[in-house]
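**Q** Chains as they are written, first to last, in this note's numbering: chain X, 1 to 551; chain U, 1 to 551.
Fair warning: there could be bad hints in the mix.
Repeated chains share a single entry, so a pair holds when one copy, or any two copies, can fit it.
As the list claims (entries may be wrong) - Cut-off 20 Å, straight-line C-alpha distance, at most; resulting in silico cross-link-like pairs (SDA-like, lysine to any residue): (1) K336 x P39; (2) K103 x R214; (3) K372 x I357; (4) K527 x R476; (5) K372 x H245; (6) K289 x V315; (7) K289 x G217; (8) K527 x V547; (9) K527 x L545; (10) K336 x T414; (11) K103 x H539; (12) K336 x R479; (13) K372 x G200; (14) K336 x E197; (15) K336 x Y436; (16) K336 x E300; (17) K336 x A41; (18) K372 x L187; (19) K336 x D40; (20) K336 x S218; (21) K527 x R397; (22) K103 x E430; (23) K289 x S271.
Simulated from the structure, these hints should not be mistaken for laboratory data.
The lines below spell out each chain.
Number of protein chains: 2
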Amino acid sequence: MSGALRVIPLGGLGEIGRNMMIYEYEDAAIAVDVGLLFPDAEHLGVDVIIPEISYLRRDPSLLRAVFLTHGHEDHIGALPFLLRELNVPVFCSELTRGLIEVKLREHRLLDGAQITVVEPGQRVSVGPFTVEAFMVSHSIPDAVGFLIETPLGDVVHTGDFKIDHTPVMGQHTDLTRLAQAGADGVLLLAADSTYAEIEGHTPSEQIVADALDRVIGSAEGRVVVTTFASLISRVQMVIDAAERHGRRVFVTGRSMVNNVAMARDLGYLRSRPETFMNQRQLASAADSKTIIVCTGSQGEPTSALTRMARGTHPVVAIGEGDTVVLSSNPVPGNEKQVYRNIDALFERGANVIYNRIDAVHVRGHAAREELKIVHRVVRPRYFVPIHGEYRHLVLHRELAVELGMDPDDALILTDGDVLEIDGEDAAVVERVSSDYVFVDGLGVGDVDEFVLRDRQHLATDGVLVVIAAVDRHTGRLTRPPEVMSHGFVGPEEEPALLEAVGELVSDIVGGERAGRRDWAELHDSLKDDVLQLMQERTHRRPLVLPVMLEV
Amino acid sequence: MSGALRVIPLGGLGEIGRNMMIYEYEDAAIAVDVGLLFPDAEHLGVDVIIPEISYLRRDPSLLRAVFLTHGHEDHIGALPFLLRELNVPVFCSELTRGLIEVKLREHRLLDGAQITVVEPGQRVSVGPFTVEAFMVSHSIPDAVGFLIETPLGDVVHTGDFKIDHTPVMGQHTDLTRLAQAGADGVLLLAADSTYAEIEGHTPSEQIVADALDRVIGSAEGRVVVTTFASLISRVQMVIDAAERHGRRVFVTGRSMVNNVAMARDLGYLRSRPETFMNQRQLASAADSKTIIVCTGSQGEPTSALTRMARGTHPVVAIGEGDTVVLSSNPVPGNEKQVYRNIDALFERGANVIYNRIDAVHVRGHAAREELKIVHRVVRPRYFVPIHGEYRHLVLHRELAVELGMDPDDALILTDGDVLEIDGEDAAVVERVSSDYVFVDGLGVGDVDEFVLRDRQHLATDGVLVVIAAVDRHTGRLTRPPEVMSHGFVGPEEEPALLEAVGELVSDIVGGERAGRRDWAELHDSLKDDVLQLMQERTHRRPLVLPVMLEV
Numbered sequence: 001m002s003g004a005l006r007v008i009p010l011g012g013l014g015e016i017g018r019n020m021m022i023y024e025y026e027d028a029a030i031a032v033d034v035g036l037l038f039p040d041a042e043h044l045g046v047d048v049i050i051p052e053i054s055y056l057r058r059d060p061s062l063l064r065a066v067f068l069t070h071g072h073e074d075h076i077g078a079l080p081f082l083l084r085e086l087n088v089p090v091f092c093s094e095l096t097r098g099l100i101e102v103k104l105r106e107h108r109l110l111d112g113a114q115i116t117v118v119e120p121g122q123r124v125s126v127g128p129f130t131v132e133a134f135m136v137s138h139s140i141p142d143a144v145g146f147l148i149e150t151p152l153g154d155v156v157h158t159g160d161f162k163i164d165h166t167p168v169m170g171q172h173t174d175l176t177r178l179a180q181a182g183a184d185g186v187l188l189l190a191a192d193s194t195y196a197e198i199e200g201h202t203p204s205e206q207i208v209a210d211a212l213d214r215v216i217g218s219a220e221g222r223v224v225v226t227t228f229a230s231l232i233s234r235v236q237m238v239i240d241a242a243e244r245h246g247r248r249v250f251v252t253g254r255s256m257v258n259n260v261a262m263a264r265d266l267g268y269l270r271s272r273p274e275t276f277m278n279q280r281q282l283a284s285a286a287d288s289k290t291i292i293v294c295t296g297s298q299g300e301p302t303s304a305l306t307r308m309a310r311g312t313h314p315v316v317a318i319g320e321g322d323t324v325v326l327s328s329n330p331v332p333g334n335e336k337q338v339y340r341n342i343d344a345l346f347e348r349g350a351n352v353i354y355n356r357i358d359a360v361h362v363r364g365h366a367a368r369e370e371l372k373i374v375h376r377v378v379r380p381r382y383f384v385p386i387h388g389e390y391r392h393l394v395l396h397r398e399l400a401v402e403l404g405m406d407p408d409d410a411l412i413l414t415d416g417d418v419l420e421i422d423g424e425d426a427a428v429v430e431r432v433s434s435d436y437v438f439v440d441g442l443g444v445g446d447v448d449e450f451v452l453r454d455r456q457h458l459a460t461d462g463v464l465v466v467i468a469a470v471d472r473h474t475g476r477l478t479r480p481p482e483v484m485s486h487g488f489v490g491p492e493e494e495p496a497l498l499e500a501v502g503e504l505v506s507d508i509v510g511g512e513r514a515g516r517r518d519w520a521e522l523h524d525s526l527k528d529d530v531l532q533l534m535q536e537r538t539h540r541r542p543l544v545l546p547v548m549l550e551v
Numbered sequence: 001m002s003g004a005l006r007v008i009p010l011g012g013l014g015e016i017g018r019n020m021m022i023y024e025y026e027d028a029a030i031a032v033d034v035g036l037l038f039p040d041a042e043h044l045g046v047d048v049i050i051p052e053i054s055y056l057r058r059d060p061s062l063l064r065a066v067f068l069t070h071g072h073e074d075h076i077g078a079l080p081f082l083l084r085e086l087n088v089p090v091f092c093s094e095l096t097r098g099l100i101e102v103k104l105r106e107h108r109l110l111d112g113a114q115i116t117v118v119e120p121g122q123r124v125s126v127g128p129f130t131v132e133a134f135m136v137s138h139s140i141p142d143a144v145g146f147l148i149e150t151p152l153g154d155v156v157h158t159g160d161f162k163i164d165h166t167p168v169m170g171q172h173t174d175l176t177r178l179a180q181a182g183a184d185g186v187l188l189l190a191a192d193s194t195y196a197e198i199e200g201h202t203p204s205e206q207i208v209a210d211a212l213d214r215v216i217g218s219a220e221g222r223v224v225v226t227t228f229a230s231l232i233s234r235v236q237m238v239i240d241a242a243e244r245h246g247r248r249v250f251v252t253g254r255s256m257v258n259n260v261a262m263a264r265d266l267g268y269l270r271s272r273p274e275t276f277m278n279q280r281q282l283a284s285a286a287d288s289k290t291i292i293v294c295t296g297s298q299g300e301p302t303s304a305l306t307r308m309a310r311g312t313h314p315v316v317a318i319g320e321g322d323t324v325v326l327s328s329n330p331v332p333g334n335e336k337q338v339y340r341n342i343d344a345l346f347e348r349g350a351n352v353i354y355n356r357i358d359a360v361h362v363r364g365h366a367a368r369e370e371l372k373i374v375h376r377v378v379r380p381r382y383f384v385p386i387h388g389e390y391r392h393l394v395l396h397r398e399l400a401v402e403l404g405m406d407p408d409d410a411l412i413l414t415d416g417d418v419l420e421i422d423g424e425d426a427a428v429v430e431r432v433s434s435d436y437v438f439v440d441g442l443g444v445g446d447v448d449e450f451v452l453r454d455r456q457h458l459a460t461d462g463v464l465v466v467i468a469a470v471d472r473h474t475g476r477l478t479r480p481p482e483v484m485s486h487g488f489v490g491p492e493e494e495p496a497l498l499e500a501v502g503e504l505v506s507d508i509v510g511g512e513r514a515g516r517r518d519w520a521e522l523h524d525s526l527k528d529d530v531l532q533l534m535q536e537r538t539h540r541r542p543l544v545l546p547v548m549l550e551v
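Model the full structure from these sequences, guided by the hints.
**A** As structure tokens, this is what we get:
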């Protein structure tokens, strides 16, 4: 395998989230991004899902460094789990460092971590790789892509990006650097596919700035704005509008408070000294002079906006005259909880402005016409679509082919595929393990499909515990069976059902059917017969747990 | 209350689904629609959610008849549960009858049911009401709204509708009848709000017919089309395109097979005799001559399309050369499972066409410009927005006010509100119970919030059962405690944790802390201490079920 570049996605290809790409040459590798995936409803009780790194674990000297494109959870969230095992140097931009430091501190890994801030244009050499960050526009400041020089040629890894010619915080996607790289020759382009379904261009953040200014300028009462806590440019827009219209800003919700504080410390937010106010000042401020910036754009159950919607926020009670702006879209899967909040806020009498009825949000990813620009200027030898569900990868690959790329040179990888590029050719040569690793509480990887299946079973029909205490000498019940259920039926129906179970158990263990004295058989029979009875009576299948005690 | 019209939504206001509206005058009432709501992820194990009818149960002679607008589940699905208790006459259109008969037969209620088909224009008198159906365009044939004459004036109840000037199956929304009613004077308009967020007009079904014809005409291999099983007009388009392009149609998926058969029997689908083919004919048909129409547009786990996506369909194996068309949008909440299917079909090599990349679906509800037309021609004295989540009701009411309606005459109701209209005024005078009634298996209403909370608990961290058998005389354990868990931790971690629990229990029950002999206290202590230990060790909180047996 000597002399070949190996490209190995350990996450993020074929799904949104858990982004992690390995670039490997001979005995050295670097990782770009180490993200997490938020669990679906089916991942019962799972907190987050992280990439499997057993491939890296096999040879702990292989991985030499991690490069992070930007500070979103799907790109940095699994970093603590990686560093705990492989404490390699981390390279990232200033704001990204701010965000990962919070995270590493929580995991008590900050002291040992080796984090280096790199500016766009600066070059870092790691083993056979020389890596240079280039600026991209995305829905968080300080986002970059990487230009990776390898012995076989250059790789352009975009990370998440869009092309915004009028960004609010001055961060353009550096098409000049990309064009220069293209002119010098690019071996491989790995580019964001998240919005490969969307025709045309993603509108500029400026559209949102205008809409927010209009909404805030025309509101008579209080204005509440929620957005992603990492979307610092959106918070800047709110600050700008507040100052233009003589309002002051109160920030609430843990991650929003933390991110705003950090962004102000690092100089990412510009404001007048008096613009921000504290809770005491909020209490005495006129509604017409107030803006509240808060968490909850995704309807998260414990967020500030959800508390306001439910009337349980300790400081802010929403009512007539309030304007609430959701400057965000629901992430797929969150639609119901987001719209439930919107409905509840309307019910409280607020005027709610959200993306379906005004342009108060734009996306952070490149649509098809933007992708075409990048392909045109980079003109790579090979192309791998990254960041997206499988259909996005397919559509992005088709786009590349439409632009004239040889179909054999545009390759769809999924997690675990090992793409090997040598001087001649590019091909998937093997597959490494890249399973979901579930994190639940302190456990990393101990919740597996079987545990989830049990939870699913419990979630659907509850549990029924049957305890039969049997005399070890006579084989007879020493007392009536104990039967209890949880999550199975309501309190009115429960007693009769449990009594029926008790009778059945007495019958099986102590009655005429007690001839069967094989312990395991009796156990199975208890389980099957109780389940069958319950299914007949209720059409439900609780998890039946029979316990036989010899006493 | 004499002399007043009472309008009582028992479902469907403030949410999509479970539609049921009561119109009551003196001692008589009619219901329009009796629908169900599909459960959310949080309604663990619940099959469907139906309206609470305790209001009607109080005086079983109150309800005189049910009128159904169309055959979608959110308008007819709870009919069996109503008729089981209050077997009143049912009036509906021909196709709706076909659909409810299937349902009533399953519930063994068909024999006793009194179903009468009414044609648009036909008038039915029930107590003080005279009801006339008028044709509307919607995503199922034979949809109607109702014009309800009451002693106080006429009510227009639209049901679900859109305005389609070029419908595929000839069914227009009867604006002429509505205009006539408006000219004669309408007391109350109750109109569909589902798409009150959407600007402009919903495109005509003809757009979809054109797109399907283009896709089917240009496909080289097999074409698979999925849509809602009730969307008969869409199936007609596929038949038309098949016949134009020399293909034959195979139908798969239970509800699609049933609905197509029923629609053909009743004359709702026009086709040449040879157009449909059976499984044997499919096996010998060329791919280029084949269209498969199937269930699965919502990614339902057991549907035909999901089986194809997973490679488990008994007849159809999807691969390179196949074109799969999803002629539908994901219903909110179903996005993930729909896109998972699309991704899996792409992975199998199919070309997948869905609404984000081609116009293969249009919605079935009126957008804002269509709503304005209805308001303009009906010109009601009072307006109540129906069918929609709360924000849709608010936006629809605002639309009515923008059109010139007095804000006091446009009233937002939510489920259970009793709107009373007399000769002078309209006001909400009281509120009746209209809770969710959960159906789970055979149980109707026995699953309540407490059962769901237990299921949620079990779903998140599983269950841990601890059994301590205690000698009734000595108070000492007669044997080591039994400890078992399900859905809690994986098989590698489980033994050590269960052993630790066993030691703790022995310590509490049999050890030096055994001084506390109060049975209930000991039980609580077991539960609390075990939970605390597990939380320390795992950061999880399983449902701990301690059982103390005196033996």
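**Q** Each hint: holds or not?
**A** Hints and how they fare:
{"no.": "1", "hint": "K336 x P39", "result": "both (16 Å within a copy, 12 Å between copies)"}
{"no.": "2", "hint": "K103 x R214", "result": "neither (36 Å within a copy, 52 Å between copies)"}
{"no.": "3", "hint": "K372 x I357", "result": "between (30 Å within a copy, 17 Å between copies)"}
{"no.": "4", "hint": "K527 x R476", "result": "within (18 Å within a copy, 29 Å between copies)"}
{"no.": "5", "hint": "K372 x H245", "result": "neither (40 Å within a copy, 35 Å between copies)"}
{"no.": "6", "hint": "K289 x V315", "result": "within (16 Å within a copy, 66 Å between copies)"}
{"no.": "7", "hint": "K289 x G217", "result": "within (11 Å within a copy, 61 Å between copies)"}
{"no.": "8", "hint": "K527 x V547", "result": "both (9 Å within a copy, 18 Å between copies)"}
{"no.": "9", "hint": "K527 x L545", "result": "both (7 Å within a copy, 18 Å between copies)"}
{"no.": "10", "hint": "K336 x T414", "result": "between (30 Å within a copy, 19 Å between copies)"}
{"no.": "11", "hint": "K103 x H539", "result": "between (47 Å within a copy, 18 Å between copies)"}
{"no.": "12", "hint": "K336 x R479", "result": "neither (50 Å within a copy, 50 Å between copies)"}
{"no.": "13", "hint": "K372 x G200", "result": "within (10 Å within a copy, 31 Å between copies)"}
{"no.": "14", "hint": "K336 x E197", "result": "between (23 Å within a copy, 16 Å between copies)"}
{"no.": "15", "hint": "K336 x Y436", "result": "between (25 Å within a copy, 17 Å between copies)"}
{"no.": "16", "hint": "K336 x E300", "result": "both (11 Å within a copy, 18 Å between copies)"}
{"no.": "17", "hint": "K336 x A41", "result": "both (12 Å within a copy, 10 Å between copies)"}
{"no.": "18", "hint": "K372 x L187", "result": "within (18 Å within a copy, 57 Å between copies)"}
{"no.": "19", "hint": "K336 x D40", "result": "both (13 Å within a copy, 9 Å between copies)"}
{"no.": "20", "hint": "K336 x S218", "result": "neither (29 Å within a copy, 38 Å between copies)"}
{"no.": "21", "hint": "K527 x R397", "result": "neither (53 Å within a copy, 56 Å between copies)"}
{"no.": "22", "hint": "K103 x E430", "result": "neither (34 Å within a copy, 52 Å between copies)"}
{"no.": "23", "hint": "K289 x S271", "result": "within (16 Å within a copy, 67 Å between copies)"}
Hint violations for this structure: numbers 2, 5, 12, 20, 21 and 22, all remaining hints satisfied.
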